[in-house]
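With the hints as extra help, turn the sequences into a complete structure.
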Amino acid sequence: MTYSTLATGTTLKAGSRVTLGLDASYTKAKEEPDPLGLGAPPDILAKLTGFSYDFTLWHTYSRLESTSWDATFRAEARLAARLAGLFSYTYMDFNDNARYLDNLSGNLDIVRLALRWTL
Amino acid sequence: MRRVIHVSLVLALLAGPALAQTTGTVTVGGRAVDDHGKAERAAEYLPTTSGSELQLVLEAAFDKLFIAVSSDAREGHDQVHQLAVDINRLVRSHTSFTRLPHRLVHDPLLNLRGAVKMPVVTWSTDLDPTARYRVNYDLLDHRTDLQIPSAGWLTVSAVYREQWREGHRQALALSHCSTCHVLSQTRKVDERTRDAGVVAQVRGKAWKLEGSFISREFEERAPAPTRTYELAEQPALRQPLFNDRIWYDSRNGPLPYGVIPPSEKDTATLRISNPNLAGFSLALSAASTRLENLTTNNKVDFDALALAVGRRLGKKGTFALRARSYSIDSTDYFVDVPEPKAVAGPYAGKSYYERYGFQPDFLRQSAIDRDVLEASARLSYRLGKGSSLIGEYTFQNIDRANYEVAPDKTDTLLQRVKLALTARPVKGVNLRLEGVAADIRRPFMTQNTACQPGPLQTTPVGSPILPGSTQYFEIYASRIGDMTASPSSYVELKGSAGLTLGRSTTASLSLRRWDGDNTDQDLTQWSHTTTAATAQVAWAPAETFQAFVAASAGKRELESWVCVPLMDG
Numbered sequence: 001m002t003y004s005t006l007a008t009g010t011t012l013k014a015g016s017r018v019t020l021g022l023d024a025s026y027t028k029a030k031e032e033p034d035p036l037g038l039g040a041p042p043d044i045l046a047k048l049t050g051f052s053y054d055f056t057l058w059h060t061y062s063r064l065e066s067t068s069w070d071a072t073f074r075a076e077a078r079l080a081a082r083l084a085g086l087f088s089y090t091y092m093d094f095n096d097n098a099r100y101l102d103n104l105s106g107n108l109d110i111v112r113l114a115l116r117w118t119l
Numbered sequence: 001m002r003r004v005i006h007v008s009l010v011l012a013l014l015a016g017p018a019l020a021q022t023t024g025t026v027t028v029g030g031r032a033v034d035d036h037g038k039a040e041r042a043a044e045y046l047p048t049t050s051g052s053e054l055q056l057v058l059e060a061a062f063d064k065l066f067i068a069v070s071s072d073a074r075e076g077h078d079q080v081h082q083l084a085v086d087i088n089r090l091v092r093s094h095t096s097f098t099r100l101p102h103r104l105v106h107d108p109l110l111n112l113r114g115a116v117k118m119p120v121v122t123w124s125t126d127l128d129p130t131a132r133y134r135v136n137y138d139l140l141d142h143r144t145d146l147q148i149p150s151a152g153w154l155t156v157s158a159v160y161r162e163q164w165r166e167g168h169r170q171a172l173a174l175s176h177c178s179t180c181h182v183l184s185q186t187r188k189v190d191e192r193t194r195d196a197g198v199v200a201q202v203r204g205k206a207w208k209l210e211g212s213f214i215s216r217e218f219e220e221r222a223p224a225p226t227r228t229y230e231l232a233e234q235p236a237l238r239q240p241l242f243n244d245r246i247w248y249d250s251r252n253g254p255l256p257y258g259v260i261p262p263s264e265k266d267t268a269t270l271r272i273s274n275p276n277l278a279g280f281s282l283a284l285s286a287a288s289t290r291l292e293n294l295t296t297n298n299k300v301d302f303d304a305l306a307l308a309v310g311r312r313l314g315k316k317g318t319f320a321l322r323a324r325s326y327s328i329d330s331t332d333y334f335v336d337v338p339e340p341k342a343v344a345g346p347y348a349g350k351s352y353y354e355r356y357g358f359q360p361d362f363l364r365q366s367a368i369d370r371d372v373l374e375a376s377a378r379l380s381y382r383l384g385k386g387s388s389l390i391g392e393y394t395f396q397n398i399d400r401a402n403y404e405v406a407p408d409k410t411d412t413l414l415q416r417v418k419l420a421l422t423a424r425p426v427k428g429v430n431l432r433l434e435g436v437a438a439d440i441r442r443p444f445m446t447q448n449t450a451c452q453p454g455p456l457q458t459t460p461v462g463s464p465i466l467p468g469s470t471q472y473f474e475i476y477a478s479r480i481g482d483m484t485a486s487p488s489s490y491v492e493l494k495g496s497a498g499l500t501l502g503r504s505t506t507a508s509l510s511l512r513r514w515d516g517d518n519t520d521q522d523l524t525q526w527s528h529t530t531t532a533a534t535a536q537v538a539w540a541p542a543e544t545f546q547a548f549v550a551a552s553a554g555k556r557e558l559e560s561w562v563c564v565p566l567m568d569g
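The listed protein sequences correspond, in order, to chains A and B. Under this note's numbering, the residues of the first sequence are numbered 1 to 119, in order. Under this note's numbering, the residues of the second sequence are numbered 1 to 569, in order.
Derived from the structure by calculation, the hints contain no laboratory data. Be careful, since some hints might not be right.
Stated by the list, open to error - Calculated lysine-lysine pairs in the DSSO-like style (CA-CA distance at most 27 Å, straight line):
#1 B:Lys418 <-> B:Lys316
#2 B:Lys418 <-> B:Lys555
#3 B:Lys555 <-> A:Lys28
#4 B:Lys409 <-> B:Lys494
#5 A:Lys30 <-> B:Lys299
#6 B:Lys494 <-> B:Lys385
#7 B:Lys299 <-> B:Lys409
#8 B:Lys409 <-> B:Lys315
#9 B:Lys265 <-> B:Lys188
#10 B:Lys385 <-> B:Lys427
#11 A:Lys28 <-> B:Lys205
#12 A:Lys30 <-> B:Lys427
#13 B:Lys409 <-> B:Lys316
#14 B:Lys385 <-> B:Lys418
#15 B:Lys494 <-> A:Lys28
#16 B:Lys315 <-> B:Lys205
#17 B:Lys316 <-> A:Lys30
#18 B:Lys265 <-> B:Lys299
Pasting the structure below:
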């Protein structure tokens, strides 16, 4: 199994009223067994006509391979002394790159809007 | 029903009367979500519904009363709430409630629909092929400490914790011949785990005594799924040739599977400690638990004693000794296997035992039953400012009551040595290096559970019920290979560095390597290695701007040898 992740984030105060932010991450993961070395001689395997002992693709049956990434852009604006407006957009994406059993790929877009009141 | 109430509103009402003296923030908003494909992995623990969002962070301080409320509630079963109340330091209460969704994968079982050779097939049936599974998780956690003014040395606490898991998941049932026909259907989940108890603490000038008793109840309220199994017959000939070796079939009607029994667990603890007894810190504790399956009345008892002693050695050194002894004892259970008689074939009228002499009944004795003694001694020495050296030796001896890990041997002995160095070689650089080496004598493994040395069925036989045919119990008994997933030795190396680069930049790097193997087995070997690295750089050149970049990578390799038996029906 191997994995690698890269993540980054930044926050910027653009003026006295506005704060901007961007966060993103990317992950790649892979897991699979090595090919199976079956030691039975061919003449023995040739007698076993009722069953298949062909393991050449066996290691691909449990293969997991995926890439995923997400990114969020954030903005906060001070509208009044005790009132702020919030906005964010998030994109999340999962890619199933080994679809032997099922395709688990999917993605989401999320938009948030809110008002924050400071007491 | 309590979860139907919108907890945020309840908390807001509690804080409402105090609003005039309240500080904090209230955030009200909404969220729009658009999802494509499957969310089981992209949003495994997140809601995917659009709707309202409410966040509160409120604190109110009065003369003799302090209230703190935080609440984060989103549409789609995603909430975190906390309430803290302090009444003149005599009543201190903390309550939290968390709920989140957990999406579960639906296996379409398509890999089990490949006919090898008719009518010997592997097949699957999914009764709910379009179902999407999830289990909602709710957790309520509460603790209230009471302090009586006239008895300041005594604190009595009530603790309560309740966890719910509700939803649906995939339930699989295998047919008689293991994977010949796998049936999938939707299973309702309605689990509840409730802990309630009391904790008492007595403080003297030096001694502190603490005792607790907590009772847990677990219940799965949803019924177990059922399956009507196939008629017991030879699949090709459609003849009742296997009746002496199959316990149930379609004539038994729907049978439950995956049954989750209700259980209770009582836990009692007692701890006495003194931070300075003739220069030593001392803590002695005892714990006892009993877990009972309320369906079978099987019990698991756990009893433990622990000792922790510490002492300063001069101005630069410390010494700590920890020891623990515990035992686990569970109920033996006699499994009386139904033994139907054959209705056809050469042994009609005889049970499997009467034909082959194999006794299928057995006394189940758990491998978890054991006596364990473990201890560690730790010595640390401060080398200088920001630098220290730590050495630690640990041993653990496990003696199992019912399970042999080697011929006539039931015990496992682990010995581990750790060395750690923390150093600050130059200003702005912090280093930490740690090495661990362990040796495990007779690690946990199964004896003779793989690999037959030679062919068992040398003369072809037309059917497994004909005279001369090799039976499964004979195949099992002929295995000679040991198997394990535990190391007999391992080495772990860890290193990390923290760097301060100028006034606005910091960086960190950490590395870890774990390398273990087991070469104690007779025919097979096992090994496992893990390597991981993480690096991060953070940059904050001004108050108005900051950024970071982090990267991590890892690799894990597992090697396990297996034997693949060749079988021609």
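The hints, checked one at a time:
1. B:Lys418 <-> B:Lys316: OK: Lys418 (chain B) and Lys316 (chain B) at ~19 Å, within 27 Å.
2. B:Lys418 <-> B:Lys555: 24 Å, holds
3. B:Lys555 <-> A:Lys28: It holds: about 12 Å lies between the C-alpha atoms, which stays within 27 Å.
4. B:Lys409 <-> B:Lys494: 34 Å, violated
5. A:Lys30 <-> B:Lys299: Distance ~42 Å between Lys30 (chain A) and Lys299 (chain B) Cα, so the pair is violated.
6. B:Lys494 <-> B:Lys385: 22 Å, holds
7. B:Lys299 <-> B:Lys409: 26 Å, holds
8. B:Lys409 <-> B:Lys315: 46 Å, violated
9. B:Lys265 <-> B:Lys188: Given pair Lys265 (chain B), Lys188 (chain B) holds - Cα atoms ~24 Å apart, limit 27 Å.
10. B:Lys385 <-> B:Lys427: With Cα atoms ~11 Å apart, Lys385 (chain B) and Lys427 (chain B) stay inside 27 Å; holds.
11. A:Lys28 <-> B:Lys205: Not OK: Lys28 (chain A) and Lys205 (chain B) at ~57 Å, beyond 27 Å, violated.
12. A:Lys30 <-> B:Lys427: This hinted pair is violated, its Cα atoms lying about 40 Å apart.
13. B:Lys409 <-> B:Lys316: Distance of about 44 Å is beyond 27 Å: violated.
14. B:Lys385 <-> B:Lys418: Given pair Lys385 (chain B), Lys418 (chain B) holds - Cα atoms ~22 Å apart, limit 27 Å.
15. B:Lys494 <-> A:Lys28: At roughly 24 Å apart (the allowed maximum being 27 Å), Lys28 (chain A) and Lys494 (chain B) satisfy the hint.
16. B:Lys315 <-> B:Lys205: The hint holds at about 25 Å.
17. B:Lys316 <-> A:Lys30: Not satisfied, since the Cα-Cα distance of roughly 48 Å exceeds 27 Å.
18. B:Lys265 <-> B:Lys299: 9 Å, holds
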